[in-house]
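Asker: Make the full structure from the sequences, and use the hints.
Protein chains in written order, with my numbering: chain G, 1 to 447; chain B, 1 to 447; chain F, 1 to 447; chain Y, 1 to 447.
Honestly, the hints are just simulated from the structure, not real lab data.
Being a predicted model, the structure only gives us computed values, none of them experimental.
Hints may be right or wrong, so weigh each one.
Put simply, identical chains are the same to the list, so a pair is met inside one copy or across any two.
Claimed, not checked - Heads up, simulated DSS-like pairs for lysine-lysine below, C-alpha to C-alpha not over 27 Å straight-line:
1) K433 with K259
2) K397 with K237
3) K433 with K263
4) K433 with K84
5) K84 with K259
6) K208 with K259
4 protein chains.
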Amino acid sequence: MSSRWPTSGAAACLLAALAFAAPAARAAAPADMSGEWEMTTMLFGSPLAERMTLAVENGKITGTSSGRPVTGTVEGDRIRFETKDRDGTVNSYEGRLEGGKLSGTATITQEPWGETPRLSWSAKRPAAGKPAAPRTLDYEPKDFHRVFSAQIDPVLRIWPGDTVRTRTVDAAGVDAQGKSRVLGGNPQTGPFYVEGAMPGDLLAIHVKRLRLSRPLAISDDGLVSRALTADYASEHKDNDFNNVVWNLDVAGGVARPAKPTQKLEGLAVPLRPMLGCIGVAPGFGGAAIRTGDSGRIGGNMDFNEIVEGATVYLPVGQPGALLYVGDGHALQGDGELNGNALETPLDVEITVDLIRDKSIPAPRVENAEYLMAMGLAGSLDDAFREATSGLASWLEKDYGLTGPEVATLLGPTIEYEISEVADRNAGIVAKIKKKYLPPPAPPEKKK
Amino acid sequence: MSSRWPTSGAAACLLAALAFAAPAARAAAPADMSGEWEMTTMLFGSPLAERMTLAVENGKITGTSSGRPVTGTVEGDRIRFETKDRDGTVNSYEGRLEGGKLSGTATITQEPWGETPRLSWSAKRPAAGKPAAPRTLDYEPKDFHRVFSAQIDPVLRIWPGDTVRTRTVDAAGVDAQGKSRVLGGNPQTGPFYVEGAMPGDLLAIHVKRLRLSRPLAISDDGLVSRALTADYASEHKDNDFNNVVWNLDVAGGVARPAKPTQKLEGLAVPLRPMLGCIGVAPGFGGAAIRTGDSGRIGGNMDFNEIVEGATVYLPVGQPGALLYVGDGHALQGDGELNGNALETPLDVEITVDLIRDKSIPAPRVENAEYLMAMGLAGSLDDAFREATSGLASWLEKDYGLTGPEVATLLGPTIEYEISEVADRNAGIVAKIKKKYLPPPAPPEKKK
Amino acid sequence: MSSRWPTSGAAACLLAALAFAAPAARAAAPADMSGEWEMTTMLFGSPLAERMTLAVENGKITGTSSGRPVTGTVEGDRIRFETKDRDGTVNSYEGRLEGGKLSGTATITQEPWGETPRLSWSAKRPAAGKPAAPRTLDYEPKDFHRVFSAQIDPVLRIWPGDTVRTRTVDAAGVDAQGKSRVLGGNPQTGPFYVEGAMPGDLLAIHVKRLRLSRPLAISDDGLVSRALTADYASEHKDNDFNNVVWNLDVAGGVARPAKPTQKLEGLAVPLRPMLGCIGVAPGFGGAAIRTGDSGRIGGNMDFNEIVEGATVYLPVGQPGALLYVGDGHALQGDGELNGNALETPLDVEITVDLIRDKSIPAPRVENAEYLMAMGLAGSLDDAFREATSGLASWLEKDYGLTGPEVATLLGPTIEYEISEVADRNAGIVAKIKKKYLPPPAPPEKKK
Amino acid sequence: MSSRWPTSGAAACLLAALAFAAPAARAAAPADMSGEWEMTTMLFGSPLAERMTLAVENGKITGTSSGRPVTGTVEGDRIRFETKDRDGTVNSYEGRLEGGKLSGTATITQEPWGETPRLSWSAKRPAAGKPAAPRTLDYEPKDFHRVFSAQIDPVLRIWPGDTVRTRTVDAAGVDAQGKSRVLGGNPQTGPFYVEGAMPGDLLAIHVKRLRLSRPLAISDDGLVSRALTADYASEHKDNDFNNVVWNLDVAGGVARPAKPTQKLEGLAVPLRPMLGCIGVAPGFGGAAIRTGDSGRIGGNMDFNEIVEGATVYLPVGQPGALLYVGDGHALQGDGELNGNALETPLDVEITVDLIRDKSIPAPRVENAEYLMAMGLAGSLDDAFREATSGLASWLEKDYGLTGPEVATLLGPTIEYEISEVADRNAGIVAKIKKKYLPPPAPPEKKK
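Answerer: As structure tokens, then:
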């Protein structure tokens with residue numbers, strides 16, 4: 001079967017009709033269950049996290065959960081409710097409030113199979129205690145991670161608005177002192193838990209500061225296969241990849257090959273530190289993703305506009321989002337043709353904001369001048385389709401333009417970047433200068 | 001950086017020069033260290049497994065490890081040796097024999113960084129006790145796995161030549177009795193540990209028997225995006241995917257929609273049970289791979305020729321290979337256009353053989369009539385290149401043909417299948433009828 | 001600008017509002033202008049051909065032209081009428097009947113430019129004299145053509161139902177006697193004019209007989225670039241293409257390399273003569289297409305199922321369709337990997353039928369067992385989309401299936417062929433066995 | 001067969017061994033045949049043009065023709081010579097000098113067919129009379145052409161170094177006065193014959209001046225299919241293309257929609273006039289190419305850096321090159337997403353230089369800041385390969401870099417543009433800033 005099936009969106013479809021096992025609770029003064037809950041349903045060992053918002057009046061519940069309507073009743077500390085999926089499936093829950101937490105069971109009917117074993121669910125209130133003012137927090141990493149995973153314990157819990165100052169090792173796992181800290185493959189710093197972030201939200205990560213912490217970077221002297229015609233390849237039998245060491249002259253603002261051949265003497269390329277990786281944990285049911293890969297979660301996007309001043313938007317897939325950063329580049333040409341850019345550790349400072357209830361199909365980047373929609377796919381052609389359609393949708397949704405208006409606007413103004421071709425996903429970025437945009441549309445009403 | 005870096009092949013390049021910390025051992029009668037070892041070196045927490053074969057004469061070691069030359073000395077229970085990588089890097093080890101096992105340390109020099117912390121290594125003899133005759137083993141699965149992983153404990157240890165009889169759940173995790181056993185997404189049965197299999201070997205899995213264990217299969221009524229032109233898509237606003245239940249008439253040998261529309265009444269498609277997934281654990285440093293994905297390890301290939309009578313070849317990446325099977329289809333059209341085929345649990349019987357020291361770039365399949373080389377890539381164009389070049393290499397290596405001979409032979413005889421387009425990797429299979437092949441070349445001498 | 005603009009479909013949009021220059025004709029007995037006309041409008045030197053059907057009652061005209069409504073009046077030998085484009089543009093014509101032919105002028109208003117110079121138009125009755133019974137006609141070619149063109153005079157005029165017996169030279173322009181007759185590049189026999197065929201119709205070409213006329217065929221010993229990974233190419237510096245001569249053993253039914261290497265001795269591949277090229281002239285405003293290319297007109301499709309017994313469907317773009325055949329192959333593997341198949345001249349026998357007012361987006365092929373929709377595009381991925389969507393549309397249109405019905409039917413039954421990768425367009429063919437089809441839908445009412 | 005075969009490069013392979021029919025000429029004072037000739041051999045009606053350079057000493061000829069060695073003898077006005085192809089085939093010619101021209105015959109032996117009919121050939125001296133100083137020539141076009149063809153008579157003969165001032169109509173064939181002059185589809189001005197240009201040479205076209213000649217441009221309000229995901233397409237049922245008129249405010253330097261919707265009021269995009277088409281006639285045996293297409297000849301490249309100040313390099317395929325220009329855009333976003341850019345007529349001024357004996361695989365562009373190699377192919381993935389490999393080859397050939405040097409240089413410095421996706425070929429451009437280049441290598445010796 002395809003990979004379409006077991007994603008978080010589809011998961012709700014597994015839940016069907018509830019057979020209440022417990023007898024109805026006796027009448028009692030209803031507990032206060034109104035407001036917001038972070039709910040978790042266990043589906044065969046996998047936690048499905050949802051934000052649920054309830055309003056209780058006279059024992060009657062109305063509300064929403066993951067955008068679906070919730071109806072039910074409260075009696076004393078007992079709660080019963082149903083959610084209805086887009087396809088009409090009704091999921092039913094019953095439980096009780098105890099110690100400020102809800103917990104209970106649900107039974108699924110999954111056609112054509114009928115009832116399946118009882119599921120357990122629980123819900124807790126969102127974390128309290130948001131600081132009065134945004135904080136700046138330092139985190140000195142001890143361990144580094146080679147997957148974007150929901151199973152790794154967060155190293156720091158931050159609130160939206162907070163700033164994190166931390167460090168990354170280079171793609172090979174070597175730190176600023178030249179010490180190997182971890183096996184290579186873009187090991188990451190993190191994850192950082194963002195309080196209040198729930199699936200369906202959007203993270204806005206502002207890259208405040210990216211500074212070189214080592215005077216050397218490592219790259220290669222070969223070209224990746226995706227860049228080679230069969231003719232060029234057949235004329236270059238030994239398209240080997242040998243390391244090239246670059247000296248980073250921070251004062252002069254340039255990188256130079258440490259041992260240039262005679263022809264390349266004098267080559268000096270302007271430094272422009274960037275984050276090769278920035279990603280979050282995959283959503284419900286998704287396996288951990290290796291840090292050489294990219295996708296809806298961000299990850300190893302290798303886009304040379306993720307520099308100081310950029311804001312990266314990533315869709316939240318797990319409670320707390322679980323944000324990772326790594327794979328610093330002193331600079332990178334388009335496409336990361338050598339497989340590696342100028343790989344080097346970085347000092348990183350990011351400020352993280354949360355936009356609730358906003359879904360995007362793929363990572364986005366914004367800076368002072370541009371909106372940028374990323375397309376990440378198995379071919380440049382598919383990445384191009386995703387990038388262009390992604391930018392078009394952005395303009396429709398956030399600026400209230402019609403299809404023909406979007407086309408009229410993009411035709412003369414769109415620009416593209418080829419972010420990378422060195423990994424499994426190729427990346428293309430569709431950009432528009434913000435000066436051409438109409439005023440934003442008022443935000444959509446939540447459905 | 002790209003995903004090229006931290007793969008098993010490259011890992012050896014991390015090892016450079018050894019600084020012996022331990023004083024040289026006093027002279028003593030050398031222990032018998034000749035023969036074959038399964039060696040494991042820990043690189044920052046990741047085990048790198050290699051087969052090492054030593055010949056000791058007068059205290060001098062010669063041998064090979066992962067195809068690289070080994071030289072060294074034995075004094076009493078002490079061993080010292082070096083391996084030399086293709087790029088000239090020398091890796092040095094020292095250790096001691098104790099209780100039939102070797103263990104010790106190595107120090108890496110990784111240019112331009114100099115020495116890095118001491119690594120530990122160990123080696124044990126290959127398992128003994130191969131049964132006199134191949135066995136048939138039954139395994140009734142309790143748990144199912146949603147990743148192809150080296151971290152999951154094997155459920156059964158088998159010897160090359162053994163046959164395993166077991167069961168799979170369907171892609172949604174539902175078993176033959178209609179009971180949900182695990183979250184969907186092609187949950188797998190296994191892994192099976194094949195004694196003696198080491199990285200660099202090849203697994204040959206003979207599919208002996210695939211039988212339907214449930215009279216129902218589930219599919220969908222939509223077409224995956226990869227199959228749609230923009231025009232077709234724009235004319236089909238609601239390309240929704242709703243489940244279609246199929247009745248499996250084993251006696252009649254056909255599947256029929258359980259509730260056909262009037263137009264589809266009478267539709268009956270011949271049953272042809274196949275394994276959608278067959279895969280092994282990824283090699284050194286590789287993250288677990290979700291069971292919706294495919295690649296060099298095999299995995300979710302969804303190729304409708306993996307039926308009774310087929311042999312699947314997969315490259316071993318871990319000690320024991322760790323073989324998984326799952327995702328049975330009652331039958332499948334080319335490409336798995338609905339995202340799902342006719343998903344159903346199967347009774348599975350496979351016989352597993354081991355071919356030592358044989359590497360292949362991608363999965364291969366063989367049956368009575370054909371050699372079949374799989375291409376699995378992010379686009380059909382790249383999958384086509386891989387399939388064709390894979391079959392061409394196969395003929396060059398195993399049949400001793402030159403490039404022009406391969407071209408002359410394949411031009412008039414090659415056939416292709418589009419195995420699947422429903423997942424991240426598209427699959428194309430290049431085939432040649434075995435009746436056109438010259439006699440196999442004598443096997444290459446090991447280098 | 002893109003190639004979208006000047007195609008025949010768009011041409012009508014150039015015509016806007018008519019300014020009548022001529023004074024209204026005096027009242028007179030209206031001539032009989034009812035019935036069918038083959039009309040030609042000259043647009044800046046390019047003839048736009050359309051079938052127009054008129055009904056005249058009491059001097060009032062109703063009718064259709066290229067599917068658009070026609071309204072107007074007849075006074076004596078004078079006619080005035082308007083057609084209305086899909087975008088609302090009104091095109092106006094005036095003229096007179098003389099000697100059984102209509103001719104006159106039209107003036108275009110093309111926004112935002114206003115009136116443009118007067119156009120001339122004319123119309124004649126469809127050819128009469130269809131033979132009572134289908135004929136078999138022999139045509140011995142003298143010249144061969146290296147483009148599919150509307151500017152080449154037809155060599156033979158046939159009626160729907162007629163059979164043509166003729167010959168082709170091989171792709172290099174060499175005939176059955178080994179004589180070079182024309183420069184290579186798939187020179188064609190034809191064109192054949194099919195009486196009554198007009199743009200918007202469909203040609204059904206039944207391949208009755210394809211026989212080898214020379215005991216030698218020529219192929220190559222290299223693989224086309226589209227089939228090579230960069231790795232494979234880099235290991236094969238000299239992927240040269242040298243001719244390989246094949247002996248065609250018609251009695252034995254096989255082809256054998258004339259001078260096999262030792263490894264290929266004994267190689268014998270079954271003969272299966274096919275037409276590499278079958279095509280019609282491009283439609284309005286389209287430039288001639290070289291005979292190495294393919295597309296909506298058919299052309300160099302190199303599909304190894306265009307053998308005896310196949311029917312090829314091609315959309316008519318010009319009056320008479322102007323049908324060409326050539327590029328015989330004694331046999332061909334999938335994809336035509338050597339750039340050439342076993343190139344050889346053929347004796348060809350085809351029967352041509354005409355299906356009026358039926359448009360198809362791309363060539364189709366049918367045989368006793370299968371419906372086959374071709375996808376021809378610049379990449380296999382795009383060809384795949386076209387083939388699949390083309391077959392889906394075929395089933396929707398001709399069999400009255402809904403989108404979900406099509407998906408349900410194709411998922412378990414679809415098969416694919418890779419027809420060719422050797423030319424600018426790659427070709428993929430989507431197939432379904434006719435035994436799975438529901439009864440055809442009643443033909444659509446003409447709109 | 002594939003399109004590989006009948007190209008100009010391969011054509012020479014048709015010529016094999018000469019059977020002299022004419023008796024040897026009597027001894028006489030040899031005529032002066034030394035120096036350069038423009039030779040034409042007729043192959044089955046198609047002229048194969050080559051530059052031949054001879055040195056005659058004591059009646060012995062040495063020389064080159066299309067890079068191949070020439071040897072022969074002169075006796076009086078009689079000449080005999082042979083050329084040897086790369087594959088060893090010997091082509092033999094005999095003829096006589098008369099009126100300053102050579103003419104004669106050759107016989108081909110084409111294996112395995114043996115001798116074919118006698119060919120005729122002739123040769124004339126390159127044109128004389130190059131002006132002392134470059135000239136500026138005005139050409140007012142009367143006709144416009146919808147193909148890049150070798151069969152259209154040149155409208156003007158210029159010398160290398162000359163400048164041409166002329167005009168283009170817009171892509172729809174409408175001129176500066178709003179008058180339709182020709183059917184749409186990028187009609188071209190030209191062709192211009194460049195004296196001395198022969199196949200194997202390179203044209204350098206300097207774009208000196210591009211000025212708007214009409215205050216209106218026309219575009220569209222739809223997005224081309226290549227830019228749409230199936231999802232986006234399915235949400236936009238009516239992705240129609242309606243004209244959008246733009247006002248060109250030359251004084252203000254911007255274009256504005258003539259009738260903007262409320263949301264797009266205020267939209268003003270900077271003018272940047274560019275040539276959508278610049279191309280030459282295809283080489284030997286090649287059919288005319290429609291002006292909506294692109295390729296090695298240039299053509300409809302729609303690259304928005306072909307503006308004032310750019311130099312375009314195109315390989316010469318025919319004597320005189322036969323240069324065409326057309327399809328002006330007031331400005332264009334990357335990719336030409338609307339199918340049309342802001343289409344408008346232009347006043348054009350170009351200076352044309354000739355670089356002899358220099359072959360390039362695809363069009364190139366250069367400006368003050370960048371070298372730019374174009375990739376034009378049926379998919380973005382293939383265009384990317386061609387662009388990158390094209391730039392890499394450029395650096396190897398013209399700057400004497402090795403493969404690893406090229407990779408080291410391009411990795412951190414390469415940039416890409418997506419030139420267009422609206423036509424059959426997609427275009428990607430690989431760029432490098434000239435400031436990063438080493439000094440050019442000395443030109444290669446002619447072989």
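Asker: Would you mind marking each hint as holding or not holding in the structure?
Answerer: Structure-based check of each hint:
1. K433 with K259: Intra 40 Å, inter 22 Å, cutoff 27 Å: inter-copy only.
2. K397 with K237: between (50 Å within a copy, 17 Å between copies)
3. K433 with K263: Intra 38 Å, inter 16 Å, cutoff 27 Å: inter-copy only.
4. K433 with K84: neither (41 Å within a copy, 41 Å between copies)
5. K84 with K259: For K84 and K259, only the inter-copy Cα distance (25 Å) is at most 27 Å; the intra-copy one is 65 Å.
6. K208 with K259: Result: close neither inside a copy nor across copies, 33 Å intra and 42 Å inter.
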